[in-house]
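**Student:** Sequence:
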Amino acid sequence: MSRVLRLAILECETTLPKAKASRGSYGDIFQDLFTLGLKNLGDEAANVQLQVSKWDVINGKYPRIEDVDAIVLTGSYSTAFDQDPWIVALADYVRHVLESTDRKVVGICFGHQIIGRALGADVNHNPGGWELSVENIALNEQGQKFLGLSSLELHQMHRDAVLTVPSGLTNLGSSTKCPIQILYKPGRLLSFQGHPEFDRPINDELLNVEHEHGNAFDEEAFQDAIKRVDRPHDGVFLSSRIMEFFLDSGKWKAGEE
2 MSRVLRLAIL
12 ECETTLPKAK
22 ASRGSYGDIF
32 QDLFTLGLKN
42 LGDEAANVQL
52 QVSKWDVING
62 KYPRIEDVDA
72 IVLTGSYSTA
82 FDQDPWIVAL
92 ADYVRHVLES
102 TDRKVVGICF
112 GHQIIGRALG
122 ADVNHNPGGW
132 ELSVENIALN
142 EQGQKFLGLS
152 SLELHQMHRD
162 AVLTVPSGLT
172 NLGSSTKCPI
182 QILYKPGRLL
192 SFQGHPEFDR
202 PINDELLNVE
212 HEHGNAFDEE
222 AFQDAIKRVD
232 RPHDGVFLSS
242 RIMEFFLDSG
252 KWKAGEE
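Position in the sequence shown (first residue = 1) + 1 = the working numbering.
Just so you know, the hints here were simulated from the structure itself, not pulled from any lab data. Computed from a prediction, not measured in an experiment: that's the story for all the values here. Ideal placement from N, C-alpha and C gives every residue a C-beta, glycine not left out. The hints are all genuine.
Label-pair ranges, simulated between beta-carbon atoms:
id, residue 1, residue 2, range
1, K254, K21, 31 to 41 Å
2, H97, R232, 30 to 40 Å
3, G25, T165, 27 to 37 Å
All chains, full assembly: derive it from the sequences and hints.
**Tutor:** Structure below.
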């Protein structure tokens with residue numbers, strides 16, 4: 002018998018023109034990534050049917066939580082600790098899901114920060130400054146146990162960060178610029194400061210647009226990031242681990258016993 006996994010992707014931003022033309026929305030990009038991650042699990046997920054819905058939370062569109070099994074929060078150019086009505090509403094929604102339901106939650110970059118805010122963490126500008134392009138994330142003992150690697154390479158594009166670990170959660174990894182990279186709660190929550198869904202074209206466009214606007218990082222940081230934007234990264238690998246988390250399989254299941 003097949004198993005249906007109902008995944009709601011909360012779109013917190015729109016893609017830039019080149020990415021939109023070639024890849025679609027961020028919801029489309031995540032759907033493609035998770036479809037590939039599920040396929041790479043082979044026999045373990047042979048009977049799993051992935052049903053993806055996409056929700057424009059900037060304009061107040063949310064799924065009924067009883068209609069989904071898990072939610073994913075995308076990245077955004079917005080600031081997770083701002084008081085914009087849609088950001089406050091998103092944090093409230095995530096808090097409700099985590100405190101009042103059993104649905105699983107995955108957050109990416111801004112989504113990772115919204116989760117931190119919803120659970121009472123200090124979320125603010127990163128003391129380490131901008132973290133850009135492909136960066137190394139060192140995994141601690143628990144992170145290595147679950148992910149099966151000593152470190153990850155992931156695309157980054159953030160100035161803000163989660164600065165404290167919320168009660169009941171564990172941090173699984175850190176980088177030289179950002180100590181809290183992966184938040185985890187068994188059976189409920191997994192979030193990443195980095196972007197497993199990014200690739201060279203997506204991050205290259207972002208870097209160039211931010212650089213052209215001239216209100217973000219300086220020339221030296223831009224040139225350094227551009228040199229690293231085509232480095233190999235572990236986004237597809239992580240997509241399979243995220244799918245295992247959704248399915249209660251692999252080492253995530255062992256960690257929940």
